[in-house]
Amino acid sequence: MASPFHMAWFLQGSSAQAWGEPWTGNIGREWMSADLFVDLARAIERACFDYLLIEDSIFIGENWQNSRDIFLRNGICVPRQEPSVVATLLAASTKRLGIVPTLSTFAYHPYLTARIIGSLDQISGGRAGWNLVTGFNDLAAQNFGLEGMADHDERYAMAEEYANIVKQLWDSWEPGAIVDDRQNGVLVDPSKVHTIDYAGTYYASRGPLNSGPCPQGRPIIAQAGGSATGRAFAAAHADTIVAAPSGVENMKRYRAEVRAQMSAMGRDPDSCKLLFLLSPIIAETEDQARWFAEQRKIQTAESIPARLARLGWATNIDFSQFDLDAPVGELTTNGTQSTLQAFLVRAGKRTLREAIVAHYGSGYCVDVVGTPDSAAAQMGEIMEEIGGDGFLIVLPDVSRRSIATITDGLVPALQQRGLMRRAYEHAHLRDNLLAF
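The numbering of the sequence shown is the working numbering, which starts it at 24 and goes up by one.
Do not take every clue at face value.
Below, simulated DSSO-like cross-link-like pairs (lysine-lysine); rule was C-alpha separation at most 27 Å, straight line [claimed, not checked]: (1) Lys275 - Lys372; (2) Lys275 - Lys215; (3) Lys215 - Lys190; (4) Lys190 - Lys118.
Listed next, with one range per pair, are the computed distances between beta-carbon atoms [unchecked claim]: (5) Asp203 - Glu307: 52 to 62 Å; (6) Asp174 - Lys320: 28 to 38 Å; (7) Arg290 - Thr218: 19 to 29 Å; (8) Asp204 - Trp42: 52 to 62 Å.
None of these hints come from the bench; they were simulated from the model.
Just so you know, even glycine gets a beta-carbon here, dropped at the ideal spot from N, CA and C.
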């Protein structure tokens, strides 16, 4: 019997992200409504996904010809709604699916993050998580009155303090603190609620958390550790990792490195699940799937400025300054290093024009193209080679049709092969992640 792996969904933060794509309905007029997100959450819950991660950013891009125009005209990462609000609605619309909003360490005080995610854990019955990001763009920092983002490594030093505060606040209520003793008139045992009195270089908090204990004890923490510093941080704090290395060998190497770091830190490597970004193309026949894959590349080739602007949005690089027909060469960033590294690996000696088509015409970590059954077989082989732990589905065009290709096409084929659960084992997100 094949070993099952985990499946989650990476939701880019606005239904408007698919504006202009086929089969996306009236998104341009209906983007304010969360109906599409609710339908997505319910569909992947029926398919027994572990969690839905809500990606976020808190700025409008200007890194194409020093202007917002291309971002606004094309709906590139804008508009975006507050993820914790959307998360609450999705939690209320589901019963077993984990809900994991993104909250950044520069925009929310750690006490506020602990309270928001703790409250989400309570109202969802133990299904909350927190996607911990440090931020990457100076424009976002300036929206909060800062001059710009700290350097990459310093952001992780700040995040170390931040994560410690959040976890200590979640622990500020001991198990059994709620006694509900009507006979003696005691709701909460005062001896089991404590201050944390944390004073660091960057953050401080007295505590205790006033929202009460979390059903999971601690909600799960998701983190995308791409750089060396990020990998070490994820190994120390993450319960699930958003991983984006390019190619099976790099995926295997990345997982081995993170698990080795966890072991060196005294953590059980099996307590953290690495999920690799995947954008599969599923169709009824192999020929149809290959045609859709080719169309993805053609669409990218026809919208190169917008694609480069989107890449620049994440990497803080204005690609409009470069010759499209010259080799990419060496690039550095204070932005998202994992995104830039994945682009450079695919680019190789290609020109910028060729490289961006290869980047956005791909299936993220690896290409999976085929019928539901052949795609399931490919995923099983990839995961067997890597060693675990699963995939994080991300689609460029989130529509009810594209969702169905995954939940009603791919998932039953995975389940038939024993590669994916048919029912949730537990009520809490953490327990479902640790089920295998």
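Hint check:
Distance check on the hinted pair: Lys275 and Lys372 sit about 24 Å apart at the alpha-carbon level, within 27 Å; holds. For the proposed pair Lys275 and Lys215, the alpha carbon gap of about 44 Å is over 27 Å, so the pair is violated. The straight-line distance between the Cα atoms of Lys215 and Lys190 is roughly 16 Å, inside the 27 Å bound, and the hint therefore holds. Restraint check for Lys190 and Lys118: satisfied, since their Cα atoms lie roughly 25 Å apart, inside the 27 Å limit.
The beta-carbon spacing between Asp203 and Glu307, approximately 56 Å, falls within the hinted interval of 52 to 62 Å. Under the hint 28 to 38 Å, the C-beta atoms of Asp174 and Lys320, about 36 Å apart, fit the expected range. Separated by about 27 Å at the C-beta atoms, Arg290 and Thr218 satisfy the suggested range of 19 to 29 Å. For the pair Asp204 and Trp42, the supplied restraint of 52 to 62 Å holds, since their beta-carbon distance comes to about 55 Å.
Checked against the numbered hints given earlier, this structure breaks only hint 2.
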